[in-house]
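Two chains, each in its own frame: build the complex with the hints.
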Amino acid sequence: MECPPNRYSRRLLLWALLCAVLAVAVGIARREGLIPSSLRWAAALLPVVPMAGYFVGLGGWLKSLDELQRLIQLEALLVQFGLTGIVVMGYGLLAKFEVVPNTGIAESWAWLWMVLFFSWALGQLIVRRKYR
Amino acid sequence: MTNRLRVLRAERAWSQADLAQRLQVSRQTVNAIETGKYDPSLPLAFAIARLFQQPIEAIFSPNGAPDG
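In the order they appear, the protein sequences are chains A and B.
Converting from the first sequence to this note's numbering requires adding 3 to each position, the first position being numbered 1.
Converting from the second sequence to this note's numbering requires adding 10 to each position, the first position being numbered 1.
To be clear, the hints were calculated from the coordinates, so they are not data collected in a lab.
Here the structure is a predicted model, which means the values were calculated and not measured.
All C-beta atoms in this analysis are idealised placements derived from N, C-alpha and C, irrespective of residue type, glycine included.
Each hint should be verified, as a subset may be incorrect.
To be verified - With the C-beta cut set under 10 Å, the calculated list includes, among others, these residues of chain B facing chain A:
| no. | residue |
| --- | --- |
| 1 | Asn41 |
| 2 | Lys47 |
| 3 | Pro65 |
| 4 | Ala68 |
In isolation and in its complexed conformation, chain B is listed as follows (with noise of 0.2 Å):
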């Protein structure tokens, strides 16, 4: 899964950490999602779809997914 977590956490000039307390989870986790390390959970993603006031497909792709 890609994900445009990057993209929009440095539109809005937010360090790691603090999407992180925002989403309160860790640092560490926050770092694994944008690094494709770590797919989050569906709370976790409608949490950040939430945070960011986006759908979660807009925010979330699976690697390969046609366009559109």
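Extracted from the complex, chain A is given alone in its bound form (with noise of 0.2 Å):
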């Protein structure tokens, strides 16, 4: 039980990567113009729905976790929560003094997922050896 379950770790890479290629399928569809104005709302939120099943795959997986793993993994949970909220505020904040670009939202969604990802891996890195 150190590592997720093999089954768990591939149902959620399939999940993901559905996601992925659904936001680029659709991503290049929408540049071809092959999206007609009455699908524009179901096209554009198709690689969510992927989604959706990764997030109660992941259920399932801390469901196989022992309490202690539950523990690690609430406390990652906890420095990503933290991490992202300071980085994202953080930008917005240079963003709103004009330090940095602008991007607005609309393009914030794709890093935000890289941010959620590398602040939960470092968290995952931290609270690890907390209780090694």
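Take a look at the structure:
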């Protein structure tokens, strides 16, 4: 139980890949003008659908962990939440003061996921050392 | 909280991985309990007591608790 069981890892990877593939596919379709205006809502939100599957899978993985591993995940989430909030708020304030380019909300979702992922990974490193 | 888990495990010549497998937890969890970095929940403490066939208070004791 040191690592997430393979079946969960595989399932989570598949959901994440599906999300990425759909995001690229609808992006290309939009650029090529293949999406009728009546379907723009559905096309825009299509990549979000696999994310629901991803988080259901994540719940299953969490349930499969023992109590210390769950505590580690909880503390790693705290690091993730705090760090993401600080980075996003910090960047937002810098943009407001025109120190960095104001990318806007529409452009921010992609790097927000990057920040979430890397802050979670950093949280794992910090918290795992604590219980080593 | 202090515990005698390492001693009890050594008496049976079990590795941390062996004990982890018997308790259905990770080796890291066994190590964290043994080193006092993590106090197990009541269900896990009962599982440990059952495995070693000893009462919980013979395995775990609060820090600074008077003997007897």
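### Query
Among the hints numbered above, which are violated by the structure, and what are their numbers in rising order?
3 and 4
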